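Residue numbers (the working numbering), protein chains in the order written: chain X, 330 to 764; chain R, 330 to 764; chain C, 330 to 764.
Hint data in this document are derived by calculation from the structure and do not stem from the laboratory. Treat the hints with caution; some may be incorrect.
Chain copies aren't distinguished; within one or between two, either way the pair holds.
In silico DSSO-like links for lysine-lysine, alpha-carbon gap of 27 Å or less [said to hold, decoys possible]: (1) Lys441 / Lys680; (2) Lys462 / Lys701; (3) Lys441 / Lys701; (4) Lys410 / Lys462; (5) Lys569 / Lys537; (6) Lys462 / Lys687.
The structure presented is a predicted model; accordingly, all values stated were derived computationally and were not measured.
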Amino acid sequence: MNTLLERESPPMTVGCEMHRLAAELYPFARSITGDGVRRTLETLKREMPLSIYEVPSGTRVFDWTVPREWNISDAWIKNEKGEKIVDLKNSNLHVLNYSVPVHGRFTLDELKGHLFTSAEHPDWIPYRTSYYKEDWGFCMSHKDYERMEEGRYEVLIDSELKPGYLTYGECFVEGLTGEEVLISTHVCHPSLANDNLSGIAASAFLAKQLSGLDSRLSYRFLFIPGTIGAITWLALNESKIRKIRHCLVLACLGDPGMFSYKKSRSGSSPIDRAAINCLRHSGKNYRLQEFIPFGYDERQYNSPGIGIQAGCLMRTPHGMYPEYHTSADDLDLIRPECLEESLGLLLSIMKTLDGDLKYINMNPRCEPQLGKRGLYPPTGGQAERKSAEMALLWVLNLSDGGNSLLDISERSGLPFELVKNAASALAEKGLLGAA
Amino acid sequence: MNTLLERESPPMTVGCEMHRLAAELYPFARSITGDGVRRTLETLKREMPLSIYEVPSGTRVFDWTVPREWNISDAWIKNEKGEKIVDLKNSNLHVLNYSVPVHGRFTLDELKGHLFTSAEHPDWIPYRTSYYKEDWGFCMSHKDYERMEEGRYEVLIDSELKPGYLTYGECFVEGLTGEEVLISTHVCHPSLANDNLSGIAASAFLAKQLSGLDSRLSYRFLFIPGTIGAITWLALNESKIRKIRHCLVLACLGDPGMFSYKKSRSGSSPIDRAAINCLRHSGKNYRLQEFIPFGYDERQYNSPGIGIQAGCLMRTPHGMYPEYHTSADDLDLIRPECLEESLGLLLSIMKTLDGDLKYINMNPRCEPQLGKRGLYPPTGGQAERKSAEMALLWVLNLSDGGNSLLDISERSGLPFELVKNAASALAEKGLLGAA
Amino acid sequence: MNTLLERESPPMTVGCEMHRLAAELYPFARSITGDGVRRTLETLKREMPLSIYEVPSGTRVFDWTVPREWNISDAWIKNEKGEKIVDLKNSNLHVLNYSVPVHGRFTLDELKGHLFTSAEHPDWIPYRTSYYKEDWGFCMSHKDYERMEEGRYEVLIDSELKPGYLTYGECFVEGLTGEEVLISTHVCHPSLANDNLSGIAASAFLAKQLSGLDSRLSYRFLFIPGTIGAITWLALNESKIRKIRHCLVLACLGDPGMFSYKKSRSGSSPIDRAAINCLRHSGKNYRLQEFIPFGYDERQYNSPGIGIQAGCLMRTPHGMYPEYHTSADDLDLIRPECLEESLGLLLSIMKTLDGDLKYINMNPRCEPQLGKRGLYPPTGGQAERKSAEMALLWVLNLSDGGNSLLDISERSGLPFELVKNAASALAEKGLLGAA
């Protein structure tokens, strides 16, 4: 029986594991503070050594203040017959996120100012928030909204908004040097899968995979509420900021759309070049976006007083898929194979950053004799051997102390990995030295 | 009756006033010296405080010498029957500009070397000059020329070429700083409307409109004879040259063609960027020309020893419309609405130069909280509000002391005015300071 | 009769002379060492003052060692009937270049590992070498190869591989300054016409033509075996390297394909700009290639420790024509008119390098009065006169000490020669001085 069972469950792919993690986190009622984030981070702890921090409400963080903590236990609208026509238990999206408590009876007209729908997608529940302006409300499908008849409705929002904490998680994967890559993901969205359980899963599995490698760079993973979380972390961790050399924000990484890379403020920082290099050699279509001061937390990292060059990797960007910020951004929208492909790309970007060093040609006057050192690639197809030979020649030609391996990959048009392998082979034979 | 009269004459548009000015100046027999320019400048004095300068013939101006003054009172060709077949009274163009005096009888063959026509446009009188080589001649329609029969013709050119003055006008509109914009227009062309009564009208009305504003920059308007006038002014005003930050030459601004902007020698000076920015956001087609050392007086301003970065704004450029330098460049070719549109563009270019300052984000670490300061645009359509919000975010993100508002407009793709308004709103709330 | 004879042989064109030289050199059995190169250089001595150098086998040259000298006197394969089915006397290509001596009987199977053919072009004999790995072999047409029957074959390679010399030639054409242009051509290929008897002929005739001119620059022509020859020269002539300002490698210059220019490592060195400028104004199509560390001896010159910016001029590049490195690269593939056109282009590139100086406008404030100095071009068609006038204005405008004549040609779009002529005319009138 055991054997049979094993035959029925082949080893789970990483993509399936990522999807399973997203599915596990899906039901939690996340917001920018509260137990939804706490439970999310506790779950993630299983995947990696995650430190969880609690920052008290009222803490000043640059121009902002950590808000009161919000939690919700129940919310519904009952019609005159006492039937719940909207019920938080059916979807976390039903309540306007950060709604203040309310209990009372309202005519339909009174209620209307507190109801949010999307006429364009009448079956879907939109996702709405009101973090900084006290309000309450319900989000519902336009179809249900249109069915509502005149009359009085009983409304309950059993939420709590009181001094507490903003919670975030941090995972540090130590490398050989103190130079750091910051990987940042927002964890404040309730039951929305692509934005951003996909980002959370990608970040968690990337942390796990990088832990197994002997990286030159260290990696710091942040699981934070959007905007206020990034601002809080930056305000409280100014000493860590100086060590950050590269930064990547992750979101929307599970849908089947092509990859999108949004550049950092400089537009040509190493994270931009590494990401674009990997995309270029992926053999797939992709989309490049210039930096704009809008989007996810790259807004904060790229602000002029912070000065972290942060890119953002997505598949279909926020706002560009119809399900965005609606109940249709569910577990069906994200796919194991897409999550896995995203993870693969992330890993190759990190390896590119990690391996991007400068070397010095130790035999810089004319070419060295490669043949006598057995450096000509012995095996592989002709095109493959030619590429490997060209990589050797390019590395030798450009390793004058001014060009890094990424520079050489860009100029030669050869994949970074091939260039890296050539450099390793040459260094082993003493033909390259550290720059 | 009064009421009726008012109904018949609606308030005159600025474009109509500009056209009326051009029409008033049209009949004067202008040249690079003489009473035609004097009368033109006297007329312009009505529109603005214009200083008129007289520079004596023989004055050395760099490599050149101010020529003798030329005036003309009569000129004609009579056939054997005594009929005037060409008469200066019919068109100022009929005489080769700067013709020496002549009176005598000539056979048709003798005369032919002194007659200029355009076979391509047989109805039009071409415009020709001979400033620096003593000569005389007549310009006439090819049709009239072909009608001339063998025989002897009596010829009179009652001109005067003797020591006198080169006359030019200068109008200074003082701003808050000593940094100056030079606006230069040639005033030497006789009865030609687009080249350059349109430029004269645009310049005069721009001076008038700028006088009413509280500009940071000062504006110096030159109404000068082409080439020798610009050289004379530059030679005699070397101390003023140092204050000039930007320069724009105006010509051919009344025809219905699309705008053309010819760049300064550097190709990327602020006047180039301001003009291109305004054209880009005009919603109209336009033409950009790289600098060449040929054209109007930008040739002189952009010479290496002067070093003023001068652009040139035109609609259809010289030589690119068939009526150019012929009697068909008349008052019908230039249109009130085109003159007015040119003036509007000029004003927006000047406002761009004037407002192009650098600011410092006073809250540079992460975004400031815009909501609590009421900075989110409260009204307008969604697209408009989004643009206004993006302008706020762009100004905050790029105001690190290195970027001016024009830099920010260029990078964001947002109109300069929107960026300027965002900067003003942010400065008012203390979020931006002077760089 | 004498008259008749003269009528039948018009004066030979330079292209025909070049082709005749190639034809004379065609039969020599060249390799990277040996008598084939020696005879080639002795023949070239007739065309120019050529110094011939002999470098002993075993000499260390950077990472390499000058190999033993190779010569061959006979080589064949006989079938069982004693018929020579492959014979060196029919083609120098028949023997694997640098084959060690062999004499014996082999079965077809034993022989097969030593036979090289091209199935793609069954009539052609491929060209193969084994300089640094001891081996022997025959190259033959695939058609002949397929005719070979089972049985035993008698094989002879009567070659000699023993301590001797590497031979190269050097021709120096002295100019007014010590700044040098290096022109390098490989002379190691046996009976192959385009690669590289065409390059040898172009180089020889360029040397001859440049000798007659009063050049500013000096020219050093190298006729060297590929790779090891360039490395040897560089290793033994380090003091000369410092004088080299520009370098051009010549190959494949006789076929009727369009010109190809492969850029130097920097991609924008003067040799690149001069070559591209001449190609652009040639009125013909041409191909530009970015630098790659592969190809001819530009690989060595452009190595980081040598740092000579070397371009490579070809018509159809190596590997891009089907006859490349086969017996079909013969005297029919190269054409007198193509050789002559290549020589013309080379000469114009050299003149561009030679004339590329910076001047100073001595009358930099506004334009000087060209008319009074008789500088306006008096004759020529209107377009031609306009171009000549524009050249004068461009030179005056850009001669601020920062722009060379090549800069001015590039920016103005005018041919270098026109710009050079304008500069000469202006300098003669004292309007330009040396920068």
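Right, here's what the structure says about each hint:
Proximity of Lys441 and Lys680 under a CA criterion of 27 Å is satisfied in neither setting, with 53 Å inside one chain copy and 46 Å between copies. Proximity of Lys462 to Lys701 under the C-alpha cut-off of 27 Å is restricted to the inter-copy arrangement: shortest distance 9 Å between copies versus 74 Å within a copy. Taking the shortest Cα distances, Lys441 and Lys701 sit within 27 Å of each other only across copies (26 Å), while inside one copy they are farther apart (83 Å). Proximity of Lys410 and Lys462 under a CA criterion of 27 Å is satisfied in neither setting, with 33 Å inside one chain copy and 96 Å between copies.
Taking the closest pair of Cα atoms, Lys569 and Lys537 come within 27 Å of each other only inside a single copy of the chain (22 Å); across copies the shortest separation is 58 Å, beyond that limit. In this assembly of identical chains, Lys462 and Lys687 lie within 27 Å of each other by CA distance neither inside one copy nor across copies; the values are 52 Å within and 33 Å between.
Against the hints set out earlier in the document, violations occur for numbers 1, 4 and 6.
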